[in-house]
Amino acid sequence: MRIFDPHIHMTSRTTDDYRAMYDAGVRALVEPSFWLGQPRTSPASFFDYFDSLLGWEPFRAAQYGIAHHCTIALNPKEANDSRCRPVLDALPRYLEKDNVVAVGEIGYDSMTPEEDTALAAQLQLAADHGLPALVHTPHRDKLAGLHRTIDAVRESALAPERILLDHLNETTVAAAADSGCWLGFSIYPDTKMDEDRMVAVLRDHGTERVLVNSAADWGRSDPLKTRKTADAMLAAGFTEDDVDRVLWRNPVAFYGQSGRLQLDVPPPQALHEGNSILRGGE
1 MRIFDPHIHM TSRTTDDYRA MYDAGVRALV EPSFWLGQPR TSPASFFDYF
51 DSLLGWEPFR AAQYGIAHHC TIALNPKEAN DSRCRPVLDA LPRYLEKDNV
101 VAVGEIGYDS MTPEEDTALA AQLQLAADHG LPALVHTPHR DKLAGLHRTI
151 DAVRESALAP ERILLDHLNE TTVAAAADSG CWLGFSIYPD TKMDEDRMVA
201 VLRDHGTERV LVNSAADWGR SDPLKTRKTA DAMLAAGFTE DDVDRVLWRN
251 PVAFYGQSGR LQLDVPPPQA LHEGNSILRG GE
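Using this note's numbering, the first residue of the sequence shown is number 1, and each one after it goes up by one.
Heads up, a few of these hints could be off.
What the hints assert, rightly or not - With a Cα cut of at most 25 Å, we get these calculated BS3-like pairs of lysine-lysine:
#1 Lys228 / Lys192
#2 Lys142 / Lys97
#3 Lys142 / Lys77
#4 Lys228 / Lys77
The hints are simulated quantities; they were obtained by calculation from the structure and are not laboratory data.
Construct the entire structure; sequences and hints are all you get.
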């Protein structure tokens, strides 16, 4: 079984998670930029973080045979902080990097005017740079947030087939599917979706344009939820081809629109910027 996790925050995970993911079948992933829990206080802290997504995390992933790509953006939550908004002016130089396969995560957190402005600006940046966009739908008041998101997408220069609406659930999937965008679902132990609910959604709506991710941030989460969803699909009677479509071919098709997706893992290097993932001798 081959798995492509299209949304996972490996910055928040240990190196052992990379090993476990490879053993479970994960061979590729996309790590979206997001907030880190502790608020950032200046644009410079974003730039160091973006550099780690472009350098250190691909280095760690390659040690375990996993192709690592990322998305770059000012996230919705920190779009509300005036100290962070100058990041928007610096994004174009990062969006030119080969390993960046989308603009994201963008979208809504609290549905403020500041978030409206940041979303519109970053959808335009995606169009300008020929990239798709990964759009975060809000965790609160999800249906209203989804409709506001779809309105913003329709007003943008980016076609719906270049948009991934993420963090969907049973209340938002129908409207999201009608929009023509791709459909993303985050599978978590306690919140968002679980694998059994995901199977029910797939039964009702099919496997077309559906992506399943583990997100797996610094909260209670599980980087193996993609594999657990695949196993639940097989147990429910889905075919191996269905699983391959949802867990591999769909994310490849969506992020492949960037023209930058490289699924051959580069040979692992011993050091990154003079650092290894080892501590002490082996």
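Hint-by-hint comparison with the structure:
1. Proximity of Lys228 to Lys192 is assessed by CA-CA distance (about 15 Å); at most 25 Å being required, the pair is judged to hold.
2. A threshold of 25 Å between alpha carbons decides the hint, and for Lys142 with Lys97 the separation of about 32 Å lies outside it, so the pair is violated.
3. A C-alpha spacing of about 15 Å is found between Lys142 and Lys77, which places the hinted pair at or below 25 Å, so the restraint holds.
4. Between Lys228 and Lys77 the alpha-carbon distance is near 29 Å, which puts this suggested pair outside the 25 Å criterion.
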